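Visitor: Put the complex together from the two separate chains, hints included.
Chains as they are written, first to last, in numbering that gives the first Met the number 0: chain A, 0 to 82; chain B, 0 to 617.
Since the hints were derived computationally from the structure, they do not count as laboratory data. Fair warning: this is a prediction, and the values are worked out from it, not measured in the lab. Each residue gets a CB set at the ideal place from its N, CA and C atoms; glycine is no exception. Incorrect hints may have been included.
[What the hints assert, rightly or not] Straight-line alpha carbon distances no greater than 27 Å define the calculated DSS-like cross-link-like pairs of lysine-lysine that follow: (1) B:LYS42 to B:LYS30; (2) B:LYS352 to A:LYS27; (3) B:LYS421 to B:LYS352; (4) B:LYS421 to A:LYS27; (5) B:LYS42 to B:LYS421; (6) B:LYS588 to B:LYS421.
[Said to hold, decoys possible] Okay, the calculated bits of chain B under chain A, using three or more residues with CB under 8 Å as the criterion: (7) 62 to 73; (8) 312 to 323; (9) 428 to 437.
[Unchecked claim] Partial chain A-side listing against chain B, Cβ under 8 Å, derived: (10) ARG10; (11) ASP24; (12) ARG30; (13) LEU32; (14) GLY46; (15) ALA55; (16) ALA64.
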Amino acid sequence: MLLDQLPNNQRAEIAAIDWSVLPPDEGKRLRALGVDEGAMVSIQHRGIFFGRDPIALSIGRMTVAIRRAHARAITLREPGATA
Amino acid sequence: MTRHQPLIALVGNPNAGKSALFNALTGARQKIANYPGVTVERKSGRFAFADGRPAELIDLPGSYSLDPTSPDEAVTRDVVMGRQTGERQPDALIIVLDSANLDQHLVFALELLALGLPTVIALNMVDLAERDGLTLDAARLAADLGVPVIPTVAVRRRGLTELAEALDAVIVARQVPHAPLGEPDMRARRRRAEHIANAAIVSQTQSRRWTDRADSVLLHPFAGPVILLGLLFIIFQAVFSWATPFADALEAGAAALGDLATATIPDGFFRSMIVDGIIAGVGSVVVFLPQIIILFFFILLMEATGYMARAAFIMDRMMASVGLSGRSFIPLLSSFACAIPGIMATRSISDEKDRLTTILIAPLMTCSARLPVYTVIIAAFIPQITVGPGVGLQGLVLFGLYVFGIIGAMVVALVLRSTVAKGGASGFLMEMPKYQLPRIGDLALGLWQRAALFLRRAGTIIFAVTIGLWLLLTYPQAPEGSGMSQLDYSAAGRIAGVIEPVVAPIGFSRDIALALIPAMAAREVAVSALATTYAIDATDEDEQAQALGERLAGRWSLPTALAFLAWFVFAPQCISTIAVTRRETNGWKWPIFMLVYLFGLAWIAAGITFWTATAFGL
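Isolated chain B (complex conformation) (with noise of 0.2 Å):
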C-alpha cells in the first residue's frame, strides 16, 4: 500500500538525452510550469508501472554536480536533498548516463548515488556509442555502483519496459545504493569514476568519428560560417515566405470571424468590444504564429541535432566584442522575425547578466511587424532612385533601419554591461554534444509545447490589453452629428493631446501621438490606425498602403517622415514583449525599465533625425 504515487526524478549531465527519455516515458502526457520565484522550467509527466500504478516523473535541468553554477542546477541540487520549496524530495531517481561519456557522466552520478535513494541507472544512447566503437558491460557497472544499471535507447523506445521494472522493484524494496560513496571532493570522485568506466568498457576505439568528422566541416574556419550563414539565409526564408499563406489565412479568419459576429450580435457596446476590441486585437498578434512557429522548428531542430552549440562557437567572438558570448547570438537571431520567441528562447544562456542584457536588447532587433511601418513610409518618402548598380534608394533606406537596431543594440550592450548588468567578461565554456538525427516525434512535442505557451503567455495580457486599449479608443463616444471624429473624440484622442507636447519637438503631430497609441498592441497596428486618422477607407491592405502613403506624402514633411522610421527602430511599441519580459525575468522591475530606455531611445534618435533632416533643409 502506498500513501501517495511515487515521485520519480530524472537526472543527469546536460547532452546524456533525459529528455527525450522523458518524452519516452511519458508521452504528451506532459506538464510544464516554473518553479516559484525564478525562471526554471519544472517539466513533469504521468507514468504507469506495468500492472498500471501510476507516478509522477518529473525531468530536472542537466548539471555536471551538486554544487550549482546557475539557476537550473540550484533547482536540481535542490530537488534530488528534499529542499526545493513546494516539491517534495523524489522516492526514487532515475539518472541518465550518456554511454559514449560515461566516465565524464559518472562524477555526477557518484554524488547522486551518495544521497541515498533509491536508484535506477538508465545507461542512455548505446547504440551511438556502439556506432562510435565503444562496448560496455553494464552488469559489471551494475556491480560496481551497486544499483540497477539498464541499456536504453531513448529515441528508438528501446529498454523502457526493463528500466520501468527496475524501477518498480527498487522502489517496492526502498533497495538503496549500498555501497559506500561518498566522495567528499571532485577530484576523488572523478578519479574513481575514470575507475569504473575503464572497468566497464569492454573495447573502444580513441574517439567520436562521425562527430569528428562532421565538425571538421562545420567547424571549419572558413566552411563553418559560410554553412552557418547558408542555413541562417534558409531560416530566414522560411520565416519570412513559408508563413505568408498561414499569417494570410489567420488574417482572413480573423475578418470572417468578426464578420460572423457583427452579424449574429446586436450592435452596441458588446459587439464592438467583441469585434473592433478582441477579434481584431489578439488577431494583430496572432496572425505572428506562422513565423514563431517555422522559427521555433528551426531552433529545435538546430537544438536536436546538436547544431546549436556549433553556431555559438562560431559567433562567440563576435558577441564577445559586446559583452555577451556565443549562446546569445541564437536568441537575437531569432528576434529579427519576433522578440518573444527570442526572449523566450534565452533560457539556455546560463549567465544571468548575459541572459538579462540579451533580454533587454532583443527588442532593438528589427522585427517582422516593422515591416508594414517600414514599407509604408519608405514608398511614400523615399525616391525610388538607384544610387549603384542593382541598389536601390528605398531598399538602402530599408537596410539601413535594420543595421540601425543593430548597432543601436550594441552599444546598448556594452553600455548595460558595465552598468545594470555589471560582471565579470562572460564565460564561454559549453560542452559540445555529439550530433545526432532527432525524433519527429520529439520535435512536434516540443513545437506544440512552445507555440501553446507563446499563446498563452501573450494571449493572457493581450487579450486584457486589447480590451483596454479598445476602451480608450471607443469611449466617450463623440456626440451623433457632431462632425468630431471618434479618434479624436476618445480618451486616446485626449491622451493624445497629452503625448503631443512631447513627441512635438521631435516633429510629431498630434496625429502621430494619436497613431501611436493603438500601436502598442503590435507595431503594425500603426499603419491601420493612421488609415483611420486619415479617414482612408480600404477593405484591400495594399490599397489601403497605397491610399495611405499618397495621404501621408501630402501631410508630412520628408523630416517627420524620417523621425517616424528612427522612433520605430528604437520604440517598445508591443505589449507582449513587455508582457514576455515580465513573465522572463520574474518581475516589473525589468519590463518596466525596457518601457523607459527604449522610448528615450526612441525620443531621442528620432528627435536627431528630425533636427539633423531639418537643418539640412530636406
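Bound conformation, chain A alone (with noise of 0.2 Å):
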C-alpha cells in the first residue's frame, strides 16, 4: 500500500520510498525529517481545496507537511507482514 492510501490516524511502517521520483534536494529533507524506511508514521490531517492535497504526517513526536506526490513515493509494510 502507498503511504498515501492510507486511511488518516492508523499506524503504519515506511518499507520503502521510491528516492528517484523526488528531486534530490526534497529526498534529503524527507530523510532529515525523518521520513525514511523503517520509519513509524500515519496521517493526522489532509487539505480540504482539490485532491485534499497536502497531507499532515505525524512521525515520532513531530508532525510533517508533505505532498500527496510525495505519499506516492512510499510504499507502506502490509500490516501484519514481517521484516
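Guide: Right, here's the structure in full:
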C-alpha cells in the first residue's frame, strides 16, 4: 500500500521510498525530517482544496507537511507482515 | 588571558527555540546584517559571563544537517566548519535541542558534536515537554554525549545562569566532546540518536496532546479554512482601520515639520529642497509605517505561535496550482497592504525559485497606496448605481481591480515558473511546530527590528530618490511672468514630453505622463501630482480629491480613465519596492527585470482597456 492510500489516524511502517521520483533536495529533506525506511507514520490531516492535498504526517513526536506526490513515492509495509 | 572575546554560535534544528534563547542571552543588544553575497541574516549580540567578561553570540539559521538544502543551511554549515568568508570559526557551540523532539534533534546534534568544538547543549522548552507528559534525564544525556546538558526554558529565562557557567567552563578548559561520535551516514546517526534519546526518556506519553488537539480544529477540513479566513479578515481590518489615526498623525507631523522649515529657513534652493523634496517625499512613504508595523505584528504573532505553518498548509494546494507552495501565501497576503513587508517576508521561503517568483509577483497584489488613486478615478467616472441587491457599480469596479491584480499575478507566476524561474515543481515539505505562547518581549523586539529594517532599507534609497525627483520637478525654473507652469517647464515636464508619444496610443495625455513621474515615489502621489497639474489649490485632502474628480471628469474620456486604472494595476510605480527587491535579490538584475515586465504589462493592459472601451464607443 502507498502512504497516499493510508486511512487517517492509522499507524504504519514505511517499507520503501522510491527516491528516484523525488528531486534530490526533497529526498534529502525528507530523510532529514525522519521520513525514511523503517519509520512509523500516520496521517493526521489532509488539506481541503482540490485533491485533499497536502497531508500532515505524524512521525515520532513531530508533524510534517508533505504533498501527496511525496506520499505516492512511499510504500508501506502491509500490516502483519514482518521485515 | 584571551587574545579576543570568544565567538559562540547558537545552532540547532528549526523550531528548537533558538531565537528565543538568543534573545534571552543577549537582550536587545543585537545587530542584524547580511552574510556577504547571500540574503541570509547574520544575527549577532553581546553576551556576558558571570564575571562580566564579554562574548559575541551569533544565532545561526536553523538546519537539519550539515548537508545543506537551502542557502540558510549552507551558511550554518560554513560557519561551524570555519569556512564562511568574513567569519572566524566559533570558539564554542551551544546546540539547542527541543526536549519534546529529542530523537529528531539529536540527529543533527551528533553531526555537530563530531566537529570537536567545545560544546554545551541547551535542552530547551523542558516545560512544554513536561506539559505533554515527557520527563527527561539530563544527566544521562550528558553522560552519553560527553558534553554538559543544561535544561532551559528560554521564554521564561530559566537555566540561563547554568548555561553561561557551563559554557565558561568548556571554553576555559577547551573541553571537547570525548566520545567518538563521527557517524558518516545519516541513518546510522538516526539510529544512534533514537538510542540515546530513549535512554534519556524517563517517562512519556505517545503524542503532543495540546498541539494535536489544537490541530484537530485549526486543520479541520472545513473549520480550518473558515478560521483562517476569519483571521485574515481581522488582520485586514486592523491594517486598514487601526493604522489610520497613526498615519494621519504622521502626515500631520510631516506637514507641521514642513511649515516649521518654511518659517525658519530663508527662501531659496535649500528650503525648497528640504520642504518640497525631503519632507514631502520621505513623508509620503513613511505614512505607510503604521500599516507595516501592524501587519508585521500579526505575521510575527502567527510565526511565534506556530500558526503560520498551518496557514501555509491550508493554502498550499491553491498556491500549487500556479507552481508555488503554501509558503508564498503570507508574503503575498502582506503585499495587499504593502509590497515591501511582503517582499521582506519571502525570506521564509526555502526554495530559491519559489522565492524569486513570489518577489516578482508581490507588486501585483493591490497595495494600499493604490487605493487613493482608484478612489479618485472611480468616484469621477463610474456612476453611483446599483447593479444588484446591495452591490454598487463603484464597489464592483474596485473589487474587479483587486481580482485583476490577483489573476495577473497567477498568470505571471505560471509563466515565470516555466521560464526565468524554471525548476521542478516546488515541493512543500515543512515541519509543523508545536503551538506555544510567545513572549511579549520577543514579539516587541522582532517588531522593532523589522520596523528599523524597513526605515533603513527603504529610507536611504527613498531619501536619494526623493531629492532626485524634486530636482527634476523644480529645475530648470520657469521664467517669472512667462505664464508657464513650473511643472511643464521643469525637466520632469520635458521628460513627460518624451514619454507622451509612448503612452499616447493607450489614451494617456501629456498631463497624465507628467503625473506618472512624481508618482514613482509612491503611487498615491499621482493624486496630488494630478491636482498640481490641473492647478487645484485645496489644503484639505478630501476637498482636493473632490475638486480633482470634477476636473478630471471634464477633461478625460471614459476610456482614458479606465486605461489609467488598468495601468495602476500593473505599473511598478514605487521606487521603494524596487529598492527592496534589489536588497533581497542581491543585485540589479531582478529589480530591472521587474520594472521592465511590469511597465510592459501595464502598457498592454491599459492599451487593451483603452482600445476596447473606445471600440464599444464608451
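Visitor: Each of the hints needs a verdict: does it hold here or not?
Guide: Going down the list of hints, with the structure as the test:
With a C-alpha separation of about 6 Å, the suggested pair B:LYS42 and B:LYS30 falls inside the 27 Å cut-off, and the hint holds. As the CA atoms of B:LYS352 and A:LYS27 are separated by approximately 18 Å, the hinted pair is consistent with the 27 Å bound. Distance restraint check for B:LYS421 and B:LYS352: the Cα-Cα separation of roughly 7 Å lies within the 27 Å cut-off, and the hinted pair is therefore satisfied. Distance check on the hinted pair: B:LYS421 and A:LYS27 sit about 21 Å apart at the alpha-carbon level, within 27 Å; holds.
Taking the CA atoms of B:LYS42 and B:LYS421, the gap is near 32 Å; set against the 27 Å cutoff, the hint is violated. Of the supplied pair hints, the one linking B:LYS588 and B:LYS421 holds, its CA atoms being roughly 16 Å apart against a limit of 27 Å. By the rule of at least three residues with a Cβ nearer than 8 Å to a Cβ of chain A, the coverage given for the stretch 62 to 73 of chain B holds, with 4 such residues. Note: the stretch 312 to 323 of chain B has 7 residues with beta-carbon separation from chain A under 8 Å; the three-residue rule is met and the coverage holds.
For the stretch 428 to 437 of chain B, the proposed coverage by chain A is satisfied: 4 residues have a C-beta within less than 8 Å of a C-beta in that chain, meeting the threshold of three. Taking 8 Å as the C-beta contact cut-off toward chain B, the hint placing A:ARG10 at the interface is violated, the least distance being around 10 Å. Interface restraint check: A:ASP24 against chain B, minimum CB-CB distance 5 Å, threshold 8 Å, status holds. Annotation: A:ARG30 was flagged as interfacial toward chain B, and the flag holds, the nearest CB pair being 6 Å apart, inside 8 Å.
Restraint check, A:LEU32 versus chain B: the minimum CB separation of about 6 Å is within 8 Å; hint holds. At about 5 Å, the closest approach between the beta carbon of A:GLY46 and any beta carbon in chain B falls short of 8 Å, and the interface hint on this residue holds. At its closest, the beta carbon of A:ALA55 sits 6 Å from a beta carbon of chain B; the interface hint therefore holds under the 8 Å criterion. Among the interface hints, the one on A:ALA64 holds; its C-beta lies about 5 Å from the nearest C-beta in chain B, closer than the 8 Å criterion.
Hint compliance for this structure: hints 5, 10 are not met, and every other hint is.
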